[in-house]
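Q: Residue strings, one per chain:
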Amino acid sequence: MSWTLVFVLAGTAYLFKVLGLVVIGDRVLPPVLSRCLALIPAALLAAIVVKDTFSTGQDLVLDARALGVGAAALAAWRKVPLIGVIVIGAVVTAAVRALA
Amino acid sequence: MLRDPRMRQVIGACVTLGFAVGVFAITFGVSAVSAGASVAQACTMSLLVFTGASQFSAISVIGSGGSAASAFGGAAVLAARNGVYGLAMSPHLRGSLGTRLVAAQLTIDESTAMAVAQDDPEHRRAAFWVTGASVYVFWNAGTLIGALLGSAVDPAKFGLDAAFPAAFVAILFPLLRDRVPRRAAVTGAVVCLALIPFAPVGVPILCATVGVLFGLPAPADDADPAVAR
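Which chain is which? The protein sequence lines are A and B, in order.
Per this note's numbering, residue 1 is the first one in the first sequence, and the count goes up by one each step.
Per this note's numbering, residue 101 is the first one in the second sequence, and the count goes up by one each step.
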């Protein structure tokens, strides 16, 4: 991995934070823009979850991760705290792998 | 301030969350090193980038052979949401420019979520700062521990490769209660999955942002009042 990526990403990440909190501040955005921006976490988190669960590189795969993340989803739905959800996801995945 | 029992409760919850995130950071350190980052690079990322989703996204693209540009693209789009959090937190974080520049670095999922969960302005401010600071400390300590363990640990053996999507599932679930975010999430997931075999690594994540277009119609046209938030 390159240092350029590390520093460019660091600068960009901080820029976004400052842009929201300090530069734009409490100025009111056009409602349509705020509505779209508010949906970024839902759209992106869902995409990352399926990517990290069902793919390796450019290949779609179905392996132990699917069961682990499935168990984590069940735990999240039952309102298990974050750390518990993480542990359940990892432990189930590791157990399925060990048994397979 | 600590005589207020509610304040003690808030601070306790914020520090506990910070600790949980620190355990998660160990996973980041291990994954970063196994994706080809050095210990110094992993730690610098956590100190300076300090937004877990972007960091994980970047190393996951690099680890699966994607280019630095696509790693940056996906991570930058994810980092953009901290700008949205900043907008939400801005009215509650008055102060000097210096204070606000520090607050900006701590504006992340956890600090914003803990802050907006409080009813009282003083508790809100405290929740933001305590969560931000404790996540910063634990996130960086965890990254260092994970990065040092890195070569000694096979992340797959402990299911650590599933820890990240598991954490995101937990953060995602509460967002799915309302109809519009649910549609955005399903669209993002389907678009991403459909593009994985055909598009370079990292690009499917970027394309998943089309899900935000569900925000275009005004919520007045919608029967569900919850989406108007």
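I should point out that these hints are in silico values taken from the structure, not numbers from a laboratory.
It is possible that part of the hints are untrue.
[What the hints assert, rightly or not] So the derived label-pair ranges between C-beta atoms look like this:
1. 98(A) <-> 198(B): 45 to 53 Å
2. 74(A) <-> 109(B): 23 to 31 Å
3. 3(A) <-> 316(B): 19 to 27 Å
Only a predicted model underlies this, so the values are computations on that prediction, with no experimental measurement involved.
Quick reminder that beta carbons are idealized off the backbone N, C-alpha and C, glycines included.
Q: Each of the hints needs a verdict: does it hold here or not?
A: Structure-based check of each hint:
A C-beta distance of roughly 52 Å is found between residue 98(A) and residue 198(B), which places it inside the suggested range of 45 to 53 Å. Restraint check, residue 74(A) to residue 109(B): a C-beta distance of roughly 29 Å satisfies the suggested window 23 to 31 Å. Here the CB-CB span from residue 3(A) to residue 316(B) is close to 40 Å, at odds with the stated 19 to 27 Å.
Hint check: a violation occurs at hint 3 only; the rest are consistent with the structure.
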